[in-house]
Each structure stands twice: as C-alpha cells, then as structure tokens.
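Undergrad: Listed below, chain by chain, are the residues.
Number of protein chains: 2
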Amino acid sequence: MIIDETGILVLAIVVSLLSFGVAMYFYHWVRLQQSHNKRISEIGKYIQKGSNAFLKREYTVLARFAGVVTLLILLFLPQPIWMGDPKKNIIMALAYIFGTVLSALAGKIGIMVATIANMKAAEAATKGIKPSFLVGFRGGAVMGMSVVGTSLLGVTLVYVLTHDASAVLGFSFGASSLALFAKAGGGIFTKTADISADLVGKVELGIPEDDPRNPAVIADNVGDNVGDVAGMGADLFDSNVASMAAALVMAMALDKSGGGFLNIAMIFCYASLGLLSSAIGVISARMGKKGDPTKALNGSTYITTVIFAILTAAATWLFQFRWRIWGATAVGLLVGVVIGIASDYFTNDSKKPVRYVAKASKSGPAFTILSGVSYGFLSILPSMAGIAISALLAYNICAPIGEGYAMFGIAMAAMGMLSIVGMIISNDAYGPIVDNARGLAEMGDLGDEVLKITDELDSAGNTVKAITKGFAIGAAGLTIIALLGAFMSEVNAAAVEKGLEKITSFDIMNPLVFFGLLIGAAIPAIFSAMLMLGVDRNAQRMVDEIHRQFREILGLKEGKQGVVPEYEKCIDIATIGALKELIPAGLMSIVVTILVGFIGGVQAIGGFLTGNIVSGLLLALFMSNSGGLWDNAKKYIEAGNEGGKGSDTHKSAVVGDTVGDPFKDTAGPSINTQVTVVSLVSSIMATMFLTFHLFG
Amino acid sequence: MIIDETGILVLAIVVSLLSFGVAMYFYHWVRLQQSHNKRISEIGKYIQKGSNAFLKREYTVLARFAGVVTLLILLFLPQPIWMGDPKKNIIMALAYIFGTVLSALAGKIGIMVATIANMKAAEAATKGIKPSFLVGFRGGAVMGMSVVGTSLLGVTLVYVLTHDASAVLGFSFGASSLALFAKAGGGIFTKTADISADLVGKVELGIPEDDPRNPAVIADNVGDNVGDVAGMGADLFDSNVASMAAALVMAMALDKSGGGFLNIAMIFCYASLGLLSSAIGVISARMGKKGDPTKALNGSTYITTVIFAILTAAATWLFQFRWRIWGATAVGLLVGVVIGIASDYFTNDSKKPVRYVAKASKSGPAFTILSGVSYGFLSILPSMAGIAISALLAYNICAPIGEGYAMFGIAMAAMGMLSIVGMIISNDAYGPIVDNARGLAEMGDLGDEVLKITDELDSAGNTVKAITKGFAIGAAGLTIIALLGAFMSEVNAAAVEKGLEKITSFDIMNPLVFFGLLIGAAIPAIFSAMLMLGVDRNAQRMVDEIHRQFREILGLKEGKQGVVPEYEKCIDIATIGALKELIPAGLMSIVVTILVGFIGGVQAIGGFLTGNIVSGLLLALFMSNSGGLWDNAKKYIEAGNEGGKGSDTHKSAVVGDTVGDPFKDTAGPSINTQVTVVSLVSSIMATMFLTFHLFG
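Residue numbers (the working numbering), protein chains in the order written: chain C, 1 to 696; chain D, 1 to 696.
These are calculated hints, taken from the structure and not from any lab test.
Treat the hints with caution; some may be incorrect.
[What the hints assert, rightly or not] Derived pair list, reagent style SDA-like, types lysine to any residue, alpha-carbon separation capped at 20 angstroms: (1) C/K88 - C/V496; (2) D/K256 - D/A399; (3) D/K502 - C/S505; (4) D/K130 - D/K295; (5) C/K352 - D/R537; (6) D/K362 - C/E545; (7) C/K651 - D/D648; (8) C/K651 - D/K651; (9) D/K362 - C/F550.
All chains should be modelled from the sequences, with the hints used to inform the complete structure.
TA: The structure is reproduced here in structure tokens:
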C-alpha cells in the first residue's frame, strides 16, 4: 500500500485530534476530583494566580521580542527582501509567528492543568497513594498529549500549506526561540525561589520545607509551575518540532533529488504512531499492587517504547517504507533507553554514586561538591558514547540506500529517540505537580500520613526525571547532528540558486572551521554562567527580603495565629529578576552565531555548530546529572542515612543540593534549547552567510 | 647569510650550555646564602627527605611503566617489527627512553634546588623582602634554565642523530607520558596533603596554616615540591618539547617536498633565542624600589617577551628566514600575553570576579561555589577566542607561502607562545619555593614581621601563576592544533609508503569523525574525575590519620613542649595513595585512544583529537581559573574584607578554596598533558591505525 499526502494529512490530523481528546478527557477527570479543604484551595489559588501572572508578564516581554524578530525575518530572511522573493519572507515570518504562538500555548496549557492537579493530588493523597498518583500522572498527561498533538498538527499544517523547507525551519525556530527564553526565565524564577526558601527556612531557621511561615514558599511553588511545567513544556515542544523539522528538511531535499514522497510520508507516519503509542501508554498507566510509583512511571515508558517499535514495523511493512530507515529509528529508540538507564545509575540513591557522595559529605561540603562534580564528569561518557554509537550506526545502516540517506538516518534516529515524547512529557510534568501537592499538603495541615505519601510520589518524580532527562538530552544531541545536516542541505540549496559550488564537507583542518569550533564550544559555558549568575543575584535579593519579613512582621517566626507573610513580595522579586535576566543569555548566543557567520561564512558556522553541540552535550549532561545526584544524596541522608536530617553531613548535602539546583533546573536543561536555537538560526540564515562574509 | 645544520647545532648547544651555566651559577648562589636557624634546617631536611623519597618511589613505578612501553614500541611502532624496518623501531624506542629520562631529570633538578631555596628564602626574609624574593626567584630560575636547556639540547640531539620524524615524536611522547603520570601523581599527593591539613587544622581546630602541631604540615610542604615543582617541571618540559616536535615534524615534511632546510633552521634558531631571552630576563630580574614582587615577576616576563621579539626579528633578517613565519610566531607571543591578562582578570583580587565571589560567600558556601563556577565558565571565552583567532591569523599569514605552510604557521605560533617558557618556569617554580619558605618561617618561629614578608611573596606567586597558566594552556591549545597537523603529515607519510591515497581532510559530516569527536570530548572529563576522586579518597584517609594522631598523641593538640606529631605517617599515606591513583587515569586516556583508532581508523582519530582538544581546553581553563579565583577570594577575605578571617563568610570561602585546590592543581593542569599525550600516541601509531581498523 502506498500512502499519499492526503493519507498522511488525515493520519496526522486524526491522531492529533485523538490526543487532544485524551487530554480533554483527563483534564475534566482531574477537575472532577474532590476538593473540600478550604486552606488548600486558598493557597492553591495563590499559586495559580502567581503562575498566571508571571506567565502573562513573561509572554508580554517575549511578544515584543518575537515582534522584532518577525520584522527582521520579513526584511532579511531567507534573503533580504529586495534581493529575493518577498513571498518567501512573508511565509517564513508567518511560520515563525505560528511557532511562537503554539509554543506559548503549550506552556499555558501546562500551567492551566498543573495548578489544578496539584490541589486535587494533595487531597487525593488523603485517600491513599494510588488515587493521588493517578491525579498527578493524568495532570501531567494532559500536557504530554496536548503538547505533542499541537506539535504534530503544527508541523503537518506548515508542511501541507507551504511545501517549503524554510517555512518548516522558521516554524521550528519560532518554537525554539520562545522555548529558550521561557526555559531560561522559568528556570531563573524557580531556582531563585527554591534556593532562597531553602536557605533561610531549612538552613538558617530550621523550619520544615513548605512551611507556610516562609515568605518564599508560594513563590517556590509558583516556580515549579512556571519553570518545570511551562518551561519544560515549551522545551520539549521545541525538541519535538526540531527533530521533525531536521528530518523533514532532509527528506524534502531527497524528494527534490528524486527520492520521492516516501521519506516525507515516513516522518509523519512515525510521528503519528509515536503519539498514538504514548496515548496508549498514558491511558494504561496504573500503579501496580505493590504500589511503587517509580515502577508505574517507568513501566508505562517501556510499554510505550515496545508499542512504538511494533506499530512502526507494521506501518513499514504496510506502506512499504524502507526497513533500513526503520532500523535507524529503532537504534535511536534503543540507545535512548540505554542513555536513560545510564543517567539513572548516576542519580539513583540505591546506586554507588549517590551513596558515595552522601558518605563523602561527612568530611564537609567541599567533599560533597568535589565528589559530585567528579561523578557528574563521569556520567558524561555513557551518554556521549551512546549518541556517538547511535549516530554511527544510523549513518551506516542508511548509507547504502543512496546519497543523502546517511544523514537522514541520523535524523530518523533522533525522531526515534523522541518518538515517545508524549510519554516523557507526561512523566516530567507529573514531577512538579506532585511536588506542589506535597507543599499544599504541608500547608494545608493534612497530617504526616499524607505527607509520607506525597513525599514518596515526589521522590518517584525525581528518579524518573533522570531517565526522561537522559532521553531528552540524547535526542537533542542527535537532533542537532541532524540539524547540521539540515544546515548543509539549506546551504547547498542556496548555493545552487546563487550558482555557487556545493559544499560537501566541513574540514577540521580548515582554520575557519576550527575557529568556529572553539568559539562554538565556549558558548554553552558562557550561556550557563549568565543564567546561574542571574539566579545567584536574584536569590541574594530574595534572601534579603525574607530576612526583612521575619524581622519586621511580628509573630511570623513564632507562627502566631493569623500572621501571614507577604507572599506576593517574594513572587514579585522572582518575577522581576527573571524577566530581567531571561533575555541577555539567549540573545548572546544568537548574536555570536550571527557574528561568526558573517566573519567566517558557512565553513565557520559548520565548526561553530559542531563545537556548540560537543560542549553543549558535555555541560548539559554534567550539570543535569550532578544536580540530580546532589538532590538525591540529600534526600538519601534525609531518609535517615549517614547521620540523617540535621546532622553536619546533611548540612553539607544541602550545600550540594543548592549548587545542583540551578545546575539541573536552570542551566543544564536550557543548554539543549540554546544549541537547537543556534542550529536553527544558522539554517535559516544559511543564504545570508553564504552571501556575506569577511573571510573564506 | 644562510645558516646550515652545523651552525644550528652549534647555536643550540652553545645556548643550552649557557643556560646550564646560568642555572649552575644560581644554584651555587642559592646554596651560599646564610643559614643559621637550626629548627628551619631540621624541618627543611624533613621536607627534602620526604620529597626525594616520594620522587624515588614514583620514578620506580614509572620506570616499570616506561619499560613496558619501550618494549611495545620496539615490537609494534612505527610498524610491527616483522612488517617494517626494525632499525626504525629501535630508534623510536631509544628516543622514547631518552625523553622519559630527561623529563625525570627535569623534575629531579627542580626538587634538588627547591628544597634548599625554601630554607634560604625563609632565612633571607629576616633581612627583608628583597633578598628573600631574590632567593626564591633564583631558586626557580635554576629550574627554568635547566629544564628549557635540557629540552632544547634533547630535541637538537635527537634531530641531528636521526633526522627522523618518528624519533622526534617518540622523544616527545617519552617526555609527555612521564609528565602525565608525574603531574597526576604529584598533583594527587600535594592536594591530598593540602586539603587534609587545612580541613583538620584550619577548619576544625582553628590552628594557623603551617602550624607544626599539624601532622600533615610536612606532607603539605613536600606536596608543594613534588606537585608544583617536579610535576610542573615535567609538564612544561613536555609542552616545550611537544611544540618543537610538532613544528619539526611539519618542517621535515616541507623539507622533503622541497621546502629546504630553512624552516627547520628557523625552529632551532627561534627556540635558542627564546631560551637566550629568558636567560637575560632571569638574570636581570630585581625587585624595584617600591618593593612589589608581583611587578618584578611580571616585569621580567614582559622584558623577555620584548627581547625575544627583537632577537627573532634580527635573526630573521640576518638568516633570511621568512617574515610571514616570524609574523605567525609574533602573533602567538602576543596572544599569549592577551590570554595571560584575561586569566589575571578572573583571578586577581582587585578585579570584579574575585570580589563578587567573596561577597557572594556571605550567603553561604553554595553561593561561593555557584558564583565561582559561573565566573570559571565565563573565563573560558577570552582564551578560547584568543586561541581561535591566533590560529586563524597564523594560518592566513603563512598560507600564501605555499602548501603545508599554513599548518606550519600554527605550529610556529605555538612555539612563539612558548618561546619564553624559561621565564615562565622560573616564575612558576618561585611560587612553591616561597610557599614553603612561609611554612618554614612559621615552623621556625621567625616572628610576625617575617611571616608578613613571606605572605606577600607567596601571594605574588599566586597572582603570577594565573598569568603563566594562561600562557601554558594557550600554548598547549595551539601546540595540539599543530599536533593535529603533525598527525596528518605522519598519516600521509605512512599512506605514501603503503601506496594508499593521501588524506586531505577530516570532515565533520563523516560519521567516523563525529564518532571520534564525541568520545574524544568525553575523555578530559573522565580523566579529571578520576584524578579528583583519587584526591577525594586519599584526603579522607589522611583526615582519619590526623584525627587519630590528635586523639592518641597526648599533648599534641595543646602544643606541649617536645611533643612532635608523626609526620612520616602522613607523608606515607599521601605517597601510597598517589602511587596507586596516578596510573589509571593516564592509562585510560591512552587505551581509549588506541581503541578508537582501531575501531574507526585515522578519520575517527582526527575527530577524537579535535574533541579532546576542545573539551580539554574548556575544562582546563574552567578548572584552573575557578580554582585560582576561589583561592584568591579566600585570601582577599583573610586580608580583612567581607568579615575577615574566622567569619562565616571566610568559612564559605574556605569551602570554595578546598574545591578549587584539586581543580587548579591536580585536574586542571594535568589535562594539557593528557591532551598532548593522546595527540602524540595518535601520531606515533598513525601507521598502525592506517593499517588496522574495523570501520571506514
């Protein structure tokens, strides 16, 4: 059976609508859960208000930014409007806007459901762990289903309406650029609040986490939503779109050179089946009899993986797709699982690294840091090797098909790794929802039994996060390699148009490539530093404010009845700080890319992207894993090991956790997006760099 | 005037002998300085004994290792002995042994003079800062002059005797492989002792640095010698040899393809003039009237730079060398200065980064770490950009000369940056000598006035270190790029011999290159982690031992007359630990290189080396600079700022310093050597990788 464009369109639209259906069903299901506790709904409203207020202000800033970019695209991309076809500029600008809007929507939907699900999950915990788990998970699944549905629908529409690679890249750039800033802004907000609340509350005053006396406690919960839910939603929306875009651009180039519609069909078909598998996985997710939430989450991930492999094999047989490409996709999926398991090893508290760091903390915080940094460095190898091997395999599997298929194979491996992204987002969004639920349970005085349940759910969220992060970073790595291929095919399309010679390689021995390589490698480090300094500056401001409140509001420290801290002030500080800091880092990486391109032309950009990928992967893996490791080492000690809560060992571990917070939740996960954005900027500016450059 | 081989030989030998003369003169001058204080000479003897004992045991281990490597070279390199010309194998093996012996000698000479100069400098401090400075500096200069003299003589002899590129590379590999392990072993020893002494002494018991009651205090001083003096000597010996080797291999290839002897002559001539300039700089070094030791050290560095530029210009004119290549050399030198200044900015306590970190420490150790990591990340850009730009300029300056000259230009830029290495080593070795002198002054009860002087000298050593480290890392970066060129020319020499096609590029889009790239990038991180975990494990053992001594030796804590701790036990722990940990990390990097070569052939190795350079530079700069920054932030606070000594802010800064210690003195500076070794392994195994490989 041969599938045509109409068939694909129908399939993608049907699956997207189906996933929206699942999302809506879950959304209503979550809303219909009981809520009686007045205190919880009161605080929950605070969180909701704070989250929406931040999102509104963030989107206002970003709308202005996007407006400027739209204007620039209209004027200059893919070619200056007076040199090329103005229609192309308009299409790209529209696609860009479409990308930003959908990306913003993804964040908005996430916040909407997460700020309800947190309350419901807290109350459900009074009835036991299973119902509470289900509320948390289905809340996350609303986001998972709608984000992936939106991205599939978006890419499909852009393709069908334009049949233009530039438009697809423009759409992807819209999604990425918004994600970059949303992730950075949310990441700074959440860690500002988290660190400040911990530092004054836990460390200085010795009051428990989520104690309502702490003025930063609501800001902390708002942060979970705007950083982990909205930011992450935008981020994975972007990764998913980028991996499809990279594959699509190459498939369209193959189509032009006579490869036919088959490869394009395959992309949409596999993406649809990935979403379908995720939907099945999400619907079937339940906690087993033993009641282990980690197992439930991982179990449904593995089920999704298997379903996807089977469905795509069936489709490949049915529609006579190329088995080699299916093989590349399967390799990506498989290696994703391996990377996930490796990440888990370095952050799971039953494994050696976490235990070692917990033990080293006995000798003081310096040893917590040193051992954590060391294991963070070690954790790089399995993932890097995994990405390297999967790229090598995918390339070699697909190379025999014909010219251009090798790189397409890598792109399909990336899509394979991201195929179950619907499931990954559901798992990821589950984390902050139950984290919030834990806070609400504490503030709503639901008692120790309930807290124990929410603690367990929260801890499962942390463990699963390591695996999903491994997946996300691995997939980003492959996607970006594929984007390098997309960049080359864009350059060559432009070269053909300009009557220039085609580029077939980026040679390391070319000093322009090497120049780009070194500069590109420095960018993720600078980017991370800027974000972390942002958190650092902001947190110092907020700590001052918390101190002021405890000093000036009489009876607050003692917990006098009726005395409430000024929560809004803390939310305000986090908001203003985040808005101030979110633009520079992202802008720096975009501006440097443009500079390098205009200095060294496409060869320098080839090196630049490569350096950026390599150092980006290195730092993202290091920071995500060491951050997760410190977090879990602290939790391991809090569970009564190595001296337990309140011991000096615990204090050392808290230092590690505080350092790890912006590592794993601000800088680490933003690097992916930074690298993606830079790759897309390069691709959409390929013609410009080819036309205008200083050297070479 | 045209210079021939005899002329070059005479020049190099005369300058080498001259530098040995200067070294010997300074050595005797230092020995003839007064020494009356019995206590100081007693403790000094302890340090001497401990240092020599460690060196002996370390060299015993390394001799066995070198023996095995020699055997392997004899059997397999450059080709399996049964396949190629056995004479070549014998020459390479001999050159390898020669390299290891000279490298070991460099370390030995350093220890010999440093363990005398420290006592003399301590006593000279009773007469004022100027005489004490001169003793410290001339002690360092003995090492500077003899190390560089030895390396120049060594390379000259190997070249004149063999005229064989493989032998030169074998010699360089001998120097590097020994340096790798000496640096790692010394680095682990010194930081084990330093951290443990500080942790128990300063932090737990609140006794001053270098207090003779502290059982680890002698081990700490021994560490300064075996880590900073011997290790660093071997390291810079290696960098210097490697930069000459890389240039020489390319010049020999140019000679073969008709370029003539001129380029070879230029290498030896410039190296000789660099040594000569350093000798002049070293002899003329004096403290000015205002008595600022930092100015005196930097001043003589700048003088050396200017003299070198003038002398080489004169030689270029006289011997009709190519001005373009002189230009590349000058670019290297200039960019070295710029990188040094940038490193200084990030570690100088009168600049923003150190002040910011000191201030952030008020909020707790987590902020010390976060802000230090952030500035460490930021510090990467200027150096990376400097290396990138100098490589680009050197390439473009020399490319018009003809084929092959562009890469040769980069090699000459590296030589330019390292030309003043004699001066750099003198400055670098000055540091641990006055650091030791400070310890001896404290333990010999020379009084507060003297301590103030030695403190000032010590602090100058730290500041200058940042600049010399910047130089060293920058030069290593360029050297390794040049070694990539050397690797390619070795591969092509082998390819011609085997009748295979020449390689002209390493294409990033080739999946084998990309595969190598990702694996290569992971290696420096793994290597650093292994070394740091070594320090971590070792320090924990030593802390236990110190605790035991304070517990079991009655009267020790109280400082009862006549009660002495068991210094040897601590030295023993550091020694045994260092010997155990020094082999695995270095071996890992060599083994992985060989694996990648046999898996992916020369293309994978091209990528591997590139990834290794990029991530090696990134991590080396990050760790060296953040470590130096934390050290100086602590000192800045100790000088009475932000709360001063003993405040909570100070305690936070001590945590930063402890983390920074293995960053800047164990892992950071070893990475250079790791990358160099891996490059050389690749070059000497080029034929093997070309012949035997799994893919490609």
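Undergrad: None of the hints should be skipped; say for each whether it holds.
TA: Now for the hints, and whether the structure bears them out:
About 17 angstroms separates the Cα atoms of C/K88 and C/V496, which keeps this hinted pair within 20 angstroms; it holds. With a CA separation close to 18 angstroms, the supplied pair D/K256 and D/A399 stays within the 20 angstroms bound. Between the alpha carbons of D/K502 and C/S505 the distance comes to roughly 17 angstroms, so the proposed pair stays at or under 20 angstroms and holds. Among the hinted pairs, D/K130 with D/K295 is consistent with the structure: their alpha-carbon atoms are about 13 angstroms apart, no more than 20 angstroms.
A C-alpha spacing of about 14 angstroms is found between C/K352 and D/R537, which places the hinted pair at or below 20 angstroms, so the restraint holds. A C-alpha spacing of about 15 angstroms is found between D/K362 and C/E545, which places the hinted pair at or below 20 angstroms, so the restraint holds. For the hint pairing C/K651 with D/D648, the CA-to-CA distance comes to about 14 angstroms; that is within 20 angstroms, so the pair holds. With a CA separation close to 14 angstroms, the supplied pair C/K651 and D/K651 stays within the 20 angstroms bound.
A distance of roughly 19 angstroms separates the Cα atoms of D/K362 and C/F550; the hinted pair therefore holds under the 20 angstroms criterion.
In summary, this structure violates none of the numbered hints.
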